[in-house]
Amino acid sequence: KRFANFCDKHKVVINYHPEWERFYSIKLGLKAASEKNQVFIHNVDNPFVNHEVLLSLMENISEFDYAVPQYMGRGGHPVLLSKKVVKSIIAEKENSLNLKNYLRTYNKVVVPVIDEKIWVNVNSKEDYNMLFPKEGFFF
2 KRFANFCDKH KVVINYHPEW ERFYSIKLGL KAASEKNQVF IHNVDNPFVN HEVLLSLMEN
62 ISEFDYAVPQ YMGRGGHPVL LSKKVVKSII AEKENSLNLK NYLRTYNKVV VPVIDEKIWV
122 NVNSKEDYNM LFPKEGFFF
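Numbering-wise (the working numbering), the sequence shown opens with residue 2 and increments by one.
Just so you know, not all the hints are guaranteed correct.
To be verified - Computed beta-carbon distance windows for the label pairs:
{"#": "1", "residue 1": "Tyr103", "residue 2": "Asn38", "range": "16 to 26 Å"}
{"#": "2", "residue 1": "Pro134", "residue 2": "Tyr17", "range": "16 to 26 Å"}
{"#": "3", "residue 1": "Lys88", "residue 2": "Leu132", "range": "14 to 24 Å"}
{"#": "4", "residue 1": "Lys94", "residue 2": "Met73", "range": "19 to 29 Å"}
{"#": "5", "residue 1": "Lys109", "residue 2": "Lys32", "range": "34 to 44 Å"}
{"#": "6", "residue 1": "Glu93", "residue 2": "Met131", "range": "36 to 46 Å"}
{"#": "7", "residue 1": "Ala92", "residue 2": "Lys135", "range": "19 to 29 Å"}
{"#": "8", "residue 1": "Lys135", "residue 2": "Thr106", "range": "22 to 32 Å"}
{"#": "9", "residue 1": "Lys101", "residue 2": "Lys135", "range": "32 to 42 Å"}
{"#": "10", "residue 1": "Glu36", "residue 2": "Lys101", "range": "17 to 27 Å"}
{"#": "11", "residue 1": "Met73", "residue 2": "Tyr103", "range": "23 to 33 Å"}
It is worth saying that the hints were derived from the structure and are not from the lab.
All values reported here derive from a predicted model rather than from experimental measurement.
Just so it is clear, CB atoms sit at the ideal spot from N, CA and C, and this is done for glycine as well.
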């Protein structure tokens, strides 16, 4: 129920400097969102979002700077950033950083989940067709 109005609140943000890569895209997205809130970072190549995983991350971040789901000892997505980290990324002068390296200076909580889909990456037509064999590729 916490996410019922999500579709009414989304924004599309375009990175006109793709050469600055992912960190800059995240920074632009965070600037468009409110720095007063925690923010989920979720890869576009993972089409799955589990409501229970989102709630688990939210319930476990309180004393930490960011939360990462983990299934069978391996982390995945989405990642939940605290307000502190959101503000820091927005204020960061450098645009071409690696998010994983950047987050190493913050306190992380690993949240065990029961969902192997936190690992999914769809990087090709073959990957897509393996996940959705009946639908076929949409291009």
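Going through the hints against the structure:
1. Tyr103 with Asn38: 16 to 26 Å: Holds: the Cβ-Cβ distance is about 19 Å, inside 16 to 26 Å.
2. Pro134 with Tyr17: 16 to 26 Å: violated (37 Å)
3. Lys88 with Leu132: 14 to 24 Å: Between Lys88 and Leu132, where Cβ atoms are some 36 Å apart, the hint is violated.
4. Lys94 with Met73: 19 to 29 Å: violated (38 Å)
5. Lys109 with Lys32: 34 to 44 Å: Since Lys109 and Lys32 have Cβ atoms about 23 Å apart, the given range 34 to 44 Å is violated.
6. Glu93 with Met131: 36 to 46 Å: Cβ of Glu93 to Cβ of Met131: about 37 Å, so the range 36 to 46 Å holds.
7. Ala92 with Lys135: 19 to 29 Å: Cβ of Ala92 to Cβ of Lys135: about 46 Å, so the range 19 to 29 Å is violated.
8. Lys135 with Thr106: 22 to 32 Å: Since the Cβ atoms of Lys135 and Thr106 sit about 45 Å apart, the hinted range of 22 to 32 Å is violated.
9. Lys101 with Lys135: 32 to 42 Å: holds (35 Å)
10. Glu36 with Lys101: 17 to 27 Å: holds (21 Å)
11. Met73 with Tyr103: 23 to 33 Å: Holds, at about 26 Å.
Hints 2, 3, 4, 5, 7 and 8, counting from the list given before, are not met by this structure.
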